[in-house]
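Trainee: Use the sequences and the hints to build the structure in full.
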Amino acid sequence: MIESTDREVAGSLGTLAVREWSSDNPGWIALISHGYGEHSGRYQWVAEQLVQSRALVWAPDHIGHGRSPGDRVYYEDAEALIADLEVLRREVTAQHPDLPVVLIGHSMGGMLAARYAQEHQRHLAALVLSGPVLGTWHVLDLLEHDEIPDTPIEPTTLSRDPEVGAAYLGDELVWHGPFKRATLRAVDDCLLAINEGPTLDIPTLWIHGEDDELVPEADTRTGIDRIRGNEFHEHIYPSARHELFNETNKSEVMTDVRNFIGRALNS
Numbered sequence: 001m002i003e004s005t006d007r008e009v010a011g012s013l014g015t016l017a018v019r020e021w022s023s024d025n026p027g028w029i030a031l032i033s034h035g036y037g038e039h040s041g042r043y044q045w046v047a048e049q050l051v052q053s054r055a056l057v058w059a060p061d062h063i064g065h066g067r068s069p070g071d072r073v074y075y076e077d078a079e080a081l082i083a084d085l086e087v088l089r090r091e092v093t094a095q096h097p098d099l100p101v102v103l104i105g106h107s108m109g110g111m112l113a114a115r116y117a118q119e120h121q122r123h124l125a126a127l128v129l130s131g132p133v134l135g136t137w138h139v140l141d142l143l144e145h146d147e148i149p150d151t152p153i154e155p156t157t158l159s160r161d162p163e164v165g166a167a168y169l170g171d172e173l174v175w176h177g178p179f180k181r182a183t184l185r186a187v188d189d190c191l192l193a194i195n196e197g198p199t200l201d202i203p204t205l206w207i208h209g210e211d212d213e214l215v216p217e218a219d220t221r222t223g224i225d226r227i228r229g230n231e232f233h234e235h236i237y238p239s240a241r242h243e244l245f246n247e248t249n250k251s252e253v254m255t256d257v258r259n260f261i262g263r264a265l266n267s
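Residues 1 to 267 (UniProt numbering) are what the sequence shown spells out, left to right.
Take these hints with a grain of salt, some might be off.
[Said to hold, decoys possible] Ranges of calculated distance between the beta carbons of each label pair, as one might list FRET restraints:
hint, residue 1, residue 2, range
1, 150, 213, 36 to 46 Å
2, 69, 255, 32 to 42 Å
3, 166, 252, 16 to 26 Å
4, 151, 52, 14 to 24 Å
5, 234, 160, 18 to 28 Å
6, 238, 8, 15 to 25 Å
7, 262, 122, 15 to 25 Å
8, 230, 147, 39 to 49 Å
Calculated from the structure, these hints are not laboratory results. Even for Gly, the Cβ is constructed at its ideal location relative to N, Cα and C.
Mentor: Written out as structure tokens, the structure reads:
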């Protein structure tokens with residue numbers, strides 16, 4: 001196992017806890033934007049695979065998530081988290097100015113990554129979106145309630161591998177409580193901004209599970225179709241659920257991701 005190095009980076013709303021994985025001679029930078037309620041530590045396997053492809057990997061815990069400060073899973077404006085991604089990019093590229101940057105975002109982190117890419121395309125060599133919250137999201141229906149009901153994420157929706165769900169439930173850094181109203185409003189605002197924003201002109205890969213119940217592929221496609229550019233690629237995996245990097249076919253998924261990034265960096 002490749003051990004991560006812990007870093008702290010001053011973000012827009014507080015000090016971010018950041019994990020770094022690296023090889024001796026990195027050839028590119030991977031920034032990972034994790035999903036709602038989780039944390040960067042759940043991407044250990046992903047980081048190891050990327051390091052094998054000569055990546056220097058940086059993955060923050062978004063504010064209010066994991067080991068970063070703030071009220072749990074609470075933010076009032078997604079732009080603050082997007083600004084944190086830019087702070088991280090500047091920090092890592094200041095240390096490695098000659099390395100291209102690839103942004104990888106999952107679920108809510110995919111939403112943040114898509115919006116970041118719209119605002120900072122010139123800084124990215126490629127973008128990977130895994131099960132991204134784009135277009136519409138049924139969870140936003142919770143805003144219709146006077147009091148947000150406690151509807152925790154069902155672990156069986158994450159992967160066909162039962163061990164993934166068990167680890168998720170037992171992870172003390174994962175948020176297992178209810179959604180926050182302010183956060184849901186911020187997600188809604190961000191989705192609207194993405195829908196009205198520019199197309200993605202950089203090489204972009206969208207990967208999604210066909211049986212993703214948490215973020216249905218059909219809902220995401222309504223957003224993807226608004227922002228896809230000429231260098232857009234997609235893989236929809238039959239029978240796969242939400243967390244493709246933790247799925248039973250994760251090696252296939254990672255091979256597709258690494259091949260895409262390799263082509264993008266060599267183009």
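Trainee: With reference to the structure, classify each hint as holding or not holding.
Mentor: The hints, checked one at a time:
1. For residue 150 and residue 213, the Cβ-Cβ distance of about 18 Å falls outside the hinted range of 36 to 46 Å, so the restraint is violated.
2. Range check, residue 69 to residue 255: Cβ separation about 37 Å, and the 32 to 42 Å hint holds.
3. Distance hint for residue 166 and residue 252: a CB-CB separation of about 23 Å, consistent with the stated range 16 to 26 Å.
4. Under the hint 14 to 24 Å, the C-beta atoms of residue 151 and residue 52, about 38 Å apart, miss the expected range.
5. Taken as a hint, the range 18 to 28 Å holds for the pair residue 234 and residue 160, whose Cβ atoms sit roughly 21 Å apart.
6. Distance hint check: the CB atoms of residue 238 and residue 8 are about 41 Å apart, inconsistent with the given range 15 to 25 Å.
7. Checked against the hint of 15 to 25 Å, the C-beta distance between residue 262 and residue 122 comes to roughly 21 Å, which is consistent with it.
8. Roughly 46 Å separates the CB atoms of residue 230 and residue 147, a value that falls within the hinted 39 to 49 Å.
In this structure, the hints that do not hold are numbers 1, 4 and 6, in rising order.
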